[in-house]
Amino acid sequence: MSFLEYRIKTAPTGLRKVLFINWPLVLLITAVASVGFLMLYSVAGGEIDRWAEPQMKRFAVGMVLMFGVAFTPIWLWRNLSVLAYLGAFALLIVVELVGRVGMGAQRWIEVGPIILQPSEMMKFTLVMMLAAYYDWLDPKKVSHPLWVLLPVLIIVAPVVLVLMQPNLGTSVMLLAAGAAVMFCAGVSWLYFAGVAGIVGGAIWGVFHFRGTPWQFLHDYQYKRIDTFLDPTADPLGAGYNIIQAQIALGSGGWGGKGFMQGTQSRLNFLPEKHTDFIFTTLAEEFGFIGAFSLLMLYAAIIAFCVISAMQNRDRYSQLLILGVAANLFFYIAVNLSMVMGMAPVVGVPLPLLSYGGSAMLVLLVGFGLVQSAHVHRAR
Amino acid sequence: MRRTPRDTEDSARKVRRRAFLMGSAMGAFVAVLGARMRYLSVDQAEEFRLLAEENRVNIRLIPPARGLIHDRNGKLIAGNEQNYRVVITREDAGDVEMVLKRLAAIVPLSEEEIARTLRETERRSPFVPIIVADRMSWQDFSKVALNAPSLPGVTPEVGLSRSYPLDTDFAHVVGYVGPVSERDLAGMETPDPVLQIPKFQIGKIGVERWREDDLRGRAGQKRIEVNHVGRVMRELGRIEGDPGDDLRLTIDADIQNFTQVRLGEESAAVVAMDVQTGDLLAIASAPSFNPNLFVRGISQADYSSLMQNDHRPLADKTVQGLYPPGSTFKMVTALAALEAGVVTPDTGVYCPGHFELGGRRFACWKRGGHGTVSLHSALAESCDVYFYEVSLKVGIDKIAEMGRKLGLGVKHDLPMSAIAAGVMPDKAWKMDSYGEEWRIGDTVNASIGQGYVLTSPLQLAVMTARIATGKAVAPRLVLGHGAEELPVPEAPPLDIPAQYLNAVRRGMDEVMNGARGTAKSSRIVDGTLQMAGKTGTAQVHSYGETGIRDNKQLPWHLRDHALFVCYAPVDKPKVAVAVVVEHGGGGSTAAAPIGRDVLLRCLTGGIPPLSAYPAAQRGRIETQFNEMKLRDTGPANPARSRA
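If you read the sequences in order, they're chains S and X. Position 309, counted from 1, in the first sequence is what my numbering calls 806; the numbers after and before it change by one each time, with no gaps. Position 405, counted from 1, in the second sequence is what my numbering calls 411; the numbers after and before it change by one each time, with no gaps.
If the Cβ cut is set under 10 Å, some of the chain S residues that face chain X in the computed set are:
id : residue
1  : A682
2  : G683
3  : A830
4  : M837
Computed cross-link-like contacts, BS3-like style, restricted to lysine-lysine with a CA-CA straight-line distance of at most 25 Å:
id : chain 1 : residue 1 : chain 2 : residue 2
5  : S       : K637      : X       : K20
6  : S       : K754      : X       : K228
7  : X       : K20       : S       : K638
8  : X       : K399      : X       : K436
Here are a few chain X residues that sit away from chain S, every Cβ distance over 12 Å (derived from the structure):
id : residue
9  : S148
10 : K477
11 : L564
Since the hints were derived computationally from the structure, they do not count as laboratory data. Note that beta-carbon positions come from the ideal geometry of N, C-alpha and C, so glycine has one too.
All chains should be modelled from the sequences, with the hints used to inform the complete structure.
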């Protein structure tokens with residue numbers, strides 16, 4: 498029995514819950530999504546039904562889901578955590594098998610009109626699972642090697658499956674979000690420092706021994722890493738998007754070229770202009786001011802989540818909110834770094850802005866969990 | 007697991023501490039992102055503020071390869087040839103003069119060319135490539151390429167430029183391309199961006215112009231990064247364009263060449279047409295000119311010599327030239343009269359050599375008169391009086407209606423320049439054009455294709471084909487588009503009773519094969535190839551003006567136009583030909599022999615066999631053929647002709 502339950506009577510019930518929803522957060526989410534609609538309208542060259550309208554419909558559905566999840570008591574979600582994680586994990590295996598049987602790398606399952614993308618679902622079920630785990634675990638034992646190994650396995654198992662799809666972007670995201678939950682749960686610094694040391698050492702080793710008889714990788718593998726790390730070396734291939742994106746960003750200036758006036762995206766030189774690279778259009782058309790405002794909106798969303806987590810005294814709720822916030826943060830950070838040429842190109846969309854149904858729905862469900870934790874928090 | 011409130015409070019505090027740490031780390035990274043954003047969109051933009059942002063990344067268009075034009079057998083009429091040229095860039099060359107001197111030692115370069123290049127390089131920015139030599143031979147070009155290491159700044163380049171291997175033969179039909187002019191752009195609503203490419207060439211006249219949209223293709227794009235002074239740094243991306251569509255014409259290049267050579271230096275036009283499909287087999291206007299001169303940029307001297315030539319080589323006489331049809335029009339009058347029921351084929355008319363109307367005297371070409379003539383002897387002997395008489399009974403409106411039905415006074419739809427509609431006059435037309443009533447004398451003049459009637463050789467060929475088949479055949483110039491063969495449109499029937507058409511055809515047969523036919527000396531003796539035809543001689547000046555009747559004594563520009571229309575074989579028509587020889591004199595002497603040669607050339611698929619000619623003429627015809635300098639039109643492409 499956890500802390501949550503003995504103060505349960507203070508949690509709002511029935512329609513009173515509406516008053517306890519974190520409305521500023523809802524407003525911020527809607528604002529960011531609206532920026533997304535505008536940009537999708539713009540990159541479609543003023544066509545609303547190409548990308549903007551489907552995205553708006555999905556957002557509407559997502560909002561309904563969000564409120565549904567938010568009004569459901571958080572302890573119910575906690576009790577469902579393990580089940581949800583195992584369900585998503587099972588679907589990942591199914592997708593792997595179907596993908597093997599079918600052609601190429603299939604990442605989704607179609608059930609009638611619904612397209613399930615288990616790797617997306619895993620994003621928050623993993624966080625739920627870890628939060629439930631640390632809620633169950635005695636806080637004094639979190640840094641015990643055995644109790645560290647278990648969550649590592651919980652994280653690594655789906656990551657391996659997603660990596661096999663292959664979906665590098667999502668697996669890195671899962672890894673990062675999982676690590677964030679572990680960090681917040683209070684796992685000792687030493688583990689994180691150790692992992693960082695090992696990874697750093699491995700990278701150093703790989704490059705240090707390059708060209709010597711003891712090199713770890715084949716030459717062509719090194720070359721691949723080179724273009725991965727420095728795309729500008731291959732302007733017509735891997736570096737094409739990055740160079741185009743930077744040109745778009747650079748041409749925005751302070752105030753941008755104005756709505757619908759961006760030339761980079763209009764001329765079709767940005768292949769992923771409506772998905773992963775949508776930020777470039779924003780920066781081109783609304784300049785530094787527009788781009789920075791969006792960054793601030795995102796920062797506000799994350800800040801609201803972190804504050805909400807700090808206000809909460811229930812361990813599960815805290816970790817869940819922080820996990821969702823970390824997840825959102827990593828997506829934003831990786832996408833923007835990639836678009837701005839600070840990180841190699843991995844297929845990571847910009848949350849709430851990039852065109853795409855699954856990611857949007859899952860993210861809104863994630864916010865539903867955050868809201869549920871917020872509404873039903875102990876006071 | 008039971009926990010004490012203290013435990014839970016402790017753990018919550020710990021999470022809060024960690025959450026605060028994580029939030030701070032996130033905030034720090036957001037700050038990094040913000041700084042990067044500022045650097046990219048503000049500082050970096052500041053750094054290059056001298057540049058117009060459009061100049062930083064330029065889009066250069068890659069000109070598409072123009073579609074080829076082939077004849078009906080797949081022989082190349084208009085192609086793209088590689089243009090070898092050498093450019094020099096000052097900043098890479100260093101001492102331009104020295105490099106040019108070295109270059110001149112390898113390839114022929116005049117002092118003047120060197121001086122021009124030097125001037126040009128000094129005038130332009132140092133990084134702009136200047137053309138040193140254009141249209142070089144492969145040998146010279148490879149010499150430059152071989153010696154490139156000792157020629158800093160010199161780059162051999164290959165471009166595509168239009169070429170017409172059959173030069174003069176197709177100058178009028180296919181036309182030529184030339185650089186885009188302001189006038190070209192003015193006529194377009196949204197000009198294709200490709201037109202902005204320096205030296206890009208578009209069709210100016212003929213098929214090149216009227217099928218420009220098919221032939222041009224779609225430009226590719228090349229994105230290049232340029233530095234602040236506009237020098238190309240590197241290529242960033244490329245979108246390939248589409249080459250233009252190839253066209254296949256209905257014309258047979260060999261027949262066209264034969265016709266053009268046969269016309270020689272005459273000022274003349276010939277149209278040969280397949281009577282069933284309307285396919286134009288040859289459409290020749292003489293004298294012609296070399297379209298390649300225009301592509302390369304014609305010199306002032308060449309241009310003025312073309313302009314000053316009184317035989318007007320630049321005009322396409324086949325579709326633009328308008329001539330009174332003269333007696334070749336008599337079939338129209340005859341058919342109008344038969345259809346109106348004012349005469350039967352056997353109705354006799356007495357010709358005393360002239361015709362009186364309201365005190366005005368209209369002469370027959372035979373001053374002694376033809377005596378009593380019926381329809382087919384009137385056609386065979388080209389009696390004018392017969393047609394004067396019947397025309398009055400039919401009236402001009404019905405004649406004009408028949409003329410239009412047969413394709414006169416109608417603008418035929420072909421992808422050629424300045425196609426003339428001609429004039430098929432009637433009462434309303436005269437009122438519109440002159441504001442005057444139609445006079446009965448106008449009808450008399452029109453009945454023998456004089457007066458207001460004006461036709462082009464193309465229209466005469468269409469008229470002949472329609473008479474020969476009884477169908478409203480329409481001329482056709484494009485046989486295939488890309489790999490696809492265009493369907494032959496079904497010609498609707500003319501709606502003229504067969505017996506009338508047969509009567510007129512019999513008359514045309516008599517013209518060639520009758521004992522008293524006006525063109526019997528140009529007949530074909532081969533029974534399977536026998537032709538029917540009609541001569542015409544159109545007056546350019548009236549006898550009254552000079553008092554000279556004999557053409558030979560008149561200055562060239564006042565002599566009569568010689569016309570001839572024909573089709574063959576008589577019983578199963580395949581090909582119709584119309585010939586107009588400007589100021590050639592009589593139709594039977596100047597035009598009919600040409601018509602026969604072209605007709606035979608179309609029907610026999612080679613140099614006409616001497617056996618088709620009357621025995622007495624064979625010697626002369628043989629010498630004539632031997633003297634003709636026919637062109638090797640190049641290899642036929644059977645795959646193409648089958649396609």
